[in-house]
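Colleague: Full structure from sequences and hints, please.
The primary structure of each chain is shown beneath.
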Amino acid sequence: MTVKIFFPTCCSPSENGLLIGRWLEEHRSAVVLAIVHFPFIPGNVKRYLAGLERETGLRLAVLGTWSNIKAQKDEQMESFLGDLKSIFIHRPWLRITREASIIFWDCRIEGVDEEAEEEVVLVYYDQRKVMLSELHDATEHSEIATVFDTVARNRTLFALDRYDEGPIKLTHWQSDGVEASIIVELCKQASVPLCALLSFILSLIFSVTRALGRKPLSFLWNKLSTCEQLGKRLDSLQLICGTKAAKDHTLFMRKASTLVSLLLDVILGIVLMSWLYRGDHIGQLANALMPVADRVAVELQGLLQWLMGAPAGLKMNKALDEVLGRFFMYHIHLWISYIRLMSPFIEVILWYIGLSACLGLSVALSVLSDIIALLTFHIYCFYVYGARLYCLKIHGLASLWRLFRGKKWNVLRQRVDSCSYDLDQLFLGTLLFTILLFLLPTTALYYLVFTLLRLLVVLVQGVIQMTINLLNSLPLYALVLRLCRSYRLAAGVKFRMLQQEHGKCLRLLMQINPLTYGKVLQQYRLPSSNLYPKDSWGALCKKLFIGELIYPWRQERDKQD
Amino acid sequence: MDSHHIQSMVDRSEEGHRTCFSTTTCFTDECLHHAANRTHSICMVSDFFYPNMGGVESHIYQLSQCLIERGHKVIIVTHAYGDRKGIRYLTNGLKVYYLPLKVMYNQSTATTLLHSFPLLRYIFVRERVTIVHSHSSFSAMAHDALFHAKTLRLHTVFTDHSLFGFADVSSVLTNKLLTVSLCDTTHIICVSYTSKENTVLRAALDPKIVSVIPNAVDPTDFTPDPHRAKENKITIVVVSRLVYRKGIDLLGGIIPEMCQKYPDLHFIIGGEGPKRIIIEEVRERYQLHDRVQLKGALEHQEVRDVLVQGDIFLNMSLTEAFCMAIVEAASCGLQVVSTRVGGIPEVLPEDYIILCEPSVKSLCGGLEKAIKNMKSGKLPSPDAIHRAVRPFYTWRDVAERSEKVYDWVSLQTVLPMNKRLDRLITHCGVVTGCIFAFFVVVSYIFLMFLRWTTPDSVIDIAVNATGPGGAWSRQYPPKKRLKN
Amino acid sequence: MEDRTFSDIEGGKIIVQERLFSKTCKEFNIICPKMSVRSVVTATFTAWVAAYAMYAYTENNMVLSATTVSTIIGLLFYLHFVKIDQESLLLIGSLGIQMTLTYTSGKESTEFIEMHKIKDVVINEAIFMQKAIYYLCILLEDPSEPKRISSIVPLFQSAKPNLNCLVQVYNSCQEILSERKSFNLVD
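Residue numbers (the UniProt record's numbering), protein chains in the order written: chain A, 1 to 561; chain B, 1 to 484; chain C, 1 to 187.
These are computed hints drawn from the structure, not numbers from a lab. For clarity, every value in this text was computed on a predicted model and none was experimentally measured. Among these hints, one or two may not hold up.
No more than 25 Å apart at the CA atoms, straight line, and that leaves these computed lysine to any residue pairs for SDA-like [said to hold, decoys possible]: (1) B:Lys372 <-> B:Asp351; (2) A:Lys255 <-> A:Leu471; (3) A:Lys494 <-> C:Gln174; (4) A:Lys408 <-> B:Gly252.
Modeller: See below:
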């Protein structure tokens, strides 16, 4: 049977004393937390341990003795340490002896059944790192998790200062002092009223937005990504300004990451704004924007002219082609006049919109996305008309095809049944089928062209949305923590074999295995609206083929809600 | 014992027109003497295996189990079924390789004649296979395996489970491929004489290398239900996949007609398939929900429970090489009404089956006759039928016969490369022959390449689970546990 | 400590070091063949021939510099993330099993599995590329249902030793695991 001793590395140079720690019966392992030095009064030690136990809820005990022999063996000391066993009763009783200039320690286990030979495994651990680290994916009965938990929960034990003249003297990991953290403490104190104030303001804003978000207006808000972005900004601010301290690790990490990504976002936004307002970039932008919109309209007109003729040598149905072409032309005409009307005000509008960048880069980007959506509204309209027409035809053709085969769609049972039709029904069906079939290419061509245009716009918007999403969901704090203090986020532990000597106990060094970056991203990703298309590429293609409307990704989510 | 005739139950029925093909292969005493007490390492290859259900699947499984019982080493190679991929073990250490090959159509894999070669060769080498036994002519993988086995100069056996036509384009093509595939196969097994006749004609084979070994059923699985209460209704059971080949369209005509005539008639239909909708529509149109019961797909162990609920078993197959379903039904003590197609007339003696033409009218007539028999009360009891049918077809018998085929095959020499090319060109026509001869050469070069990259000596020999010295056949618990 | 030579499934030589620390603590190091100079030279040479062909065609010396950079980056990437020099398996009877991968660049990635999670260590068969191979794997216990296996951790994924070597390691693993089992039975 094996006994494992987890021993803190910081305690190895300390003087003779008692080992304080926790005995884990389930795993047969001892976690040494500190060493009590002479002189002490046994009653005081017991009382102190009881006090700690009340505070942490973990059973601490005196596990054994520690002797560090500097020069030569002191027989008297040895026997004294042996006698302590009868005062602090613990089974098993550990006796660890370190002799000068020998790295192999002598560990003996006393107080267990004599016949069972005990093998001892000595595991060194870094108390500070283990205390601060957060173990991920730990299961219930895990020994390592219990060790981590034990060390972390005895934080109060480590708060005891070296120079403190308490009832007993302990050796364990010491923090470097409290002086430096005074500023931190002051900040902590100051942050509470600040947060309270901010959250009050936020709740005011929330009540206003809730009033605005009622039924008729909410339809408009849902369509604009800017509004959604602002709403999210408010949410995250509320999360940060919550006056209650974060309860657990996850919540704390989320708060910290939100704060850091918010700060980064705002800094980037301000950089963008300073670039925009220095040297009249706004005016240049406005001047460039109008010709672009004009140009798009003109190009579209050209495209329609081309479609109305014999596009790519295809011979279309002349009449239908003309009708559709004229209809779309009229639309473009309307659009151009609308843009002409708008053009004098564009620069002013842009100037005000540019101010939104001070709220953060993501807000500015979503404004841009909305502007693109507004400027390409005509393309959207064309696409919807084309898709509806095409969809109608496809559905008509499908049901008439079923009619030919003597089948019909059974709505109640959601399946295709066989059905016998009359002669006139069949005749009419055939007639309609022929008409639809011959008109299909014309409609399909218009549909194809406008779908491609629409997809282009959706692609651009999608890229912008993805950038925003990245900005919003990147857990920067966790990443920085992983980079600079890799032990704080532990995926597990790893052991290193230390030099062995035959006949002595097995020596291991326990190190912390940090989370991989991929895992960090996965674990601490901030929640953000899932903007990726819900359906797969195959489903998307199918939708395109049968002429169902593909919405911009954001709206699709709304529809599902 | 001067000669062993591989013979079918049908030998007892005198069917004159079959004489020209019923030259059963004779394995002389002498040659079998050499092969006696020899154990083989057999690799069964087919696209069709569990979890897919059907006649071929259970044939392979049961035959393998009986061969393992007789001390041979058997492995099965098939393609991956969804999540079931990799290497698995079934009862008694039957090892199954589910290879990651793309399924093309109807559970059959796509074939290029070459892409499965490296993997199959690796398996043949590591398992030290001596005989490759392919099943079903629908399975592309089976043909691929035959092709590769011949390149590797292993003995090959092929079992044909189905009948084909000769007229339409697809069967002409399939028959050509079958000719190519079987022309240099060492031995061929058919499940019935009709099937043998069909295969010999299709693949232009020498009837001497074709044996007939019927399928079998496990009679202990199909017993009549002694506690069945006497009811005053008549139940017709249909258990088959609901596909065109099984004549489900005929059933759609039979159900309304029979139900009109006999108000105490009930149908129980077990199985699943694309033609299910026909039955459902008939049931709805004639309001027969209380009389026509659709059981859906049945597990193997549920089949018996469904069968014993009925009095008459109806089989409407349009083509069938050997119908196991009717043997199962007869074994459960049911009267069997079936179409007279393919190998069905050979399967059961005429006292136990009513044969009809594959038409609604004829089948209805057959059913009426069965109902009349039943009402007259001069039918033998289900137990009597069971006792009579029980010894007809058993897997042990099948395994014994197959073993003889293996013994014979292992004494033959596999055609060397030049003879194989010769055979292909002379036997399959010049154009096809040359094309496939080219493939043979390519695959031979490919084999050279494979032997160069991974020589046989590098390949680990697999731990035998079955066969002589197999880890599973030993008495003490196996030391090495192989999971997944 | 002893070194033994085995071959992997492709016939290459691998060295297996076995280090015994105590009765219940053992380490296996499998040392894969080193990266051969020939393969590096071949790869670099091919890249350069392609680059010069491009250069002759386009007469743009950006191609050459791009090739240099990408070859170096590719090599570094290969050494740091792909090429594994050594795989070790540390068995500590009372604590668990630790697997370490050492890349050529010296990067180490370690995974430690605690003993209570481990159900067994077995040799399994799998279809890998165009081969059917044996591999050693750790079966992890399902915490909710002790009878079931929640997942499988394959060992020596890059070295892929052949069956002889696996049986050797397997037997050692079973020695240590059986001690744990007997200890559990005593309880």
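Colleague: Now tell me, hint by hint, if it's right for this structure.
Modeller: Evaluation of the provided hints:
1. In summary, the hint linking B:Lys372 to B:Asp351 is supported, as the alpha carbons are separated by about 15 Å, within the 25 Å threshold.
2. Pair hint A:Lys255 plus A:Leu471 holds up; C-alpha atoms about 15 Å apart against a cutoff of 25 Å.
3. A threshold of 25 Å between alpha carbons decides the hint, and for A:Lys494 with C:Gln174 the separation of about 22 Å falls inside it, so the pair holds.
4. For a cut-off of 25 Å, the pair hint linking A:Lys408 to B:Gly252 stands: about 19 Å separates their Cα positions.
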